[in-house]
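Peer 1: Please model the entire structure based on the sequences and the hints provided.
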Amino acid sequence: MKPKLLVAGCLCVMTLTAGATTASAHGLAGKRFFPATLAVDDPFVSDELSLPLFSHIKEPASGEEPATVRTEITGEFSKRITPNLGLSLGGTLLHLNPDEGSSPTGWDNMDVALRYQFFKSDVHETIMSLVLGWEVGGTGQKKVRADSFDTVNPAILFGKGFGDLPDAVWVLKPFAVTGSFGARIPTRQVNRKFTVDPDTGEVGIEKERNPNVFEWGVVFEYSLPYLQSFVKDVGLPKPFSQMILVTELSYNNPLDRGKGGKTTGTVNPGVIWAGKYFQIGLEAIVPVNERTGKNVGVRGVLHFFLDDLFPKSLGRPIFGN
Amino acid sequence: MTIRGFGVTGPALAVLLWGATSAGAHAFLDRADPRVGSTVRTPPAQVRLWFTESLEPAFSSAQVVNEAGERVDRGNGQVDPANLALLSVALQPLPPGTYKVIWRVLSVDSHVTEGDFTFRVAP
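One line per chain: the protein sequences are A and B, in this order. The first sequence begins at 20 in this note's numbering and counts up one residue at a time. The second sequence begins at 872 in this note's numbering and counts up one residue at a time.
Mixed in with the good hints there might be a few duds.
In the PhoX-like style, the derived pairs of lysine-lysine whose C-alpha atoms are separated by at most 25 Å in a straight line are [what the hints assert, rightly or not]:
(1) Lys-226/A / Lys-162/A
(2) Lys-226/A / Lys-257/A
(3) Lys-971/B / Lys-77/A
(4) Lys-295/A / Lys-331/A
(5) Lys-278/A / Lys-212/A
(6) Lys-971/B / Lys-313/A
Derived coverage of chain B by chain A (criterion: at least 3 residues anywhere in the stretch with Cβ under 8 Å from a Cβ of chain A; other residues may be distant) [stated by the list, open to error]:
(7) 907-920
(8) 974-982
Hints listed in this document are in silico derivations from the structure and should not be mistaken for laboratory results. Just so we're clear, the structure is a prediction, and the values are computed from it rather than from any experiment. Think of the CB as a built atom: it goes at the ideal place given N, C-alpha and C, for glycine as much as any other residue.
Peer 2: Written out as structure tokens, the structure reads:
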């Protein structure tokens with residue numbers, strides 16, 4: 020077994036072997052329930068499972084790569100080690116369907132993330148956390164263009180509900196904003212590929228540069244459950260009374276290595292329905308510019324609350340209350 | 872997803888849901904009487920709160936305060952033994968004004984949730 024796979028496997032076993040003390044809450048700050056969002060990372064530490072997270076969109080041609088329809092099916096497992104420290108593991112099955120050539124299906128690199136929630140205010144419905152992500156290079160398959168090098172992804176995340184606004188603006192109280200600001204730092208600056216000219220036999224080197232990327236996202240949420248339970252019962256029937264309207268903005272800004280300023284991003288309007296044990300989310304993926312794409316895509320998720328499903332075992336932190 | 876992918880995911884989800892048959896969940900407020908944010912003409916004799924989950928009676932409470940922050944309930948908040956998802960508290964006679972209901976409950980699976988809302992008694 021490759022050393023990286025062994026490390027990733029050990030992390031997986033560590034996160035699964037929970038046996039612990041007491042239960043706490045998922046995505047809660049005071050009265051505010053923050054749902055797990057689909058495009059932008061969540062600010063809270065939790066015991067949760069996204070399976071599957073599905074996305075489907077056509078990406079434009081880039082360099083020698085033709086325009087490609089990209090379909091992803093992701094599973095992500097998050098486990099609290101302590102009440103404020105969590106580990107998550109994610110894997111993605113990719114299907115690429117380019118305008119020209121074969122249509123490969125295979126695994127992308129495994130993602131590992133350590134998350135520390137360092138601030139929470141129940142009164143002001145605020146959560147802040149730090150995340151250190153690691154895309155484990157070489158764990159995916161080359162046929163779906165998985166990178167052979169590692170990428171490190173530090174970020175700061177926040178969530179803020181507006182339930183502390185004055186009663187005069189009660190209609191705004193169900194609003195909340197979450198966000199993530201971070202970087203994607205590849206551990207290899209340049210990919211080198213040797214080529215042979217079929218006519219002359221000359222050997223050449225193709226270079227592909229891997230830029231550092233400023234990665235950020237903001238999510239605007241309007242919680243109908245919050246409206247119903249804490250502000251004003253307007254008589255919404257189920258399932259509408261359990262819905263949270265969301266719009267996620269997700270942007271990537273390459274910073275250097277010849278790709279600076281080539282921003283890509285998507286706006287993702289959608290809805291999340293949250294039940295007792297799971298939530299379902301569905302969003303449109305709307306590219307913000309032609310560099311990102313010309314076609315609208317779709318993203319969906321089935322997300323389980325492990326702290327509610329297994330409150331006495333898997334749904335508790337491994338250590339501490 | 873490939874057929875093989877479904878073959879892995881399907882049983883995993885089945886195991887997950889089977890293992891969860893005895894689980895509880897967070898108790899969120901389902902509805903209240905008087906209704907959240909409402910205005911009533913007749914002062915209510917009690918506040919009743921219906922939750923989405925059964926509650927632990929010993930660790931679930933509710934109180935009602937007036938605009939000055941003074942308690943106006945009778946301090947007898949309790950979970951209904953016949954309906955463990957119902958928490959009620961009796962009120963003193965209420966003059967017109969705005970009142971805040973504050974609750975904190977423990978669901979049977981040991982999750983704590985809390986919240987508050989207001990209602991108004993019209994003159």
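Peer 1: Give a verdict on every hint.
Peer 2: Comparing the hints with the structure gives:
Note on Lys-226/A and Lys-162/A: the hinted pairing holds, with a Cα-Cα distance of about 19 Å set against a maximum of 25 Å. Annotation: proposed proximity of Lys-226/A to Lys-257/A is violated, straight-line Cα distance about 56 Å (limit 25 Å). Distance check on the hinted pair: Lys-971/B and Lys-77/A sit about 52 Å apart at the alpha-carbon level, beyond 25 Å; violated. For the hint linking Lys-295/A to Lys-331/A, the alpha-carbon distance of about 16 Å falls within 25 Å, and the restraint holds.
The hinted pair formed by Lys-278/A and Lys-212/A meets the criterion: a straight-line CA distance of about 19 Å does not exceed 25 Å. As the CA atoms of Lys-971/B and Lys-313/A are separated by approximately 51 Å, the hinted pair breaks the 25 Å bound. Coverage of a stretch by a chain is defined here by at least three residues with a beta carbon nearer than 8 Å to that chain's beta carbons; for the segment 907-920 of chain B and chain A the count is 3, and the condition holds. Residue count for the segment 974-982 of chain B with a Cβ under 8 Å from a Cβ of chain A: 3. That meets the three needed, and the coverage hint holds.
In summary, the structure is inconsistent with hints 2, 3, 6 from the numbered list given earlier, while agreeing with the others.
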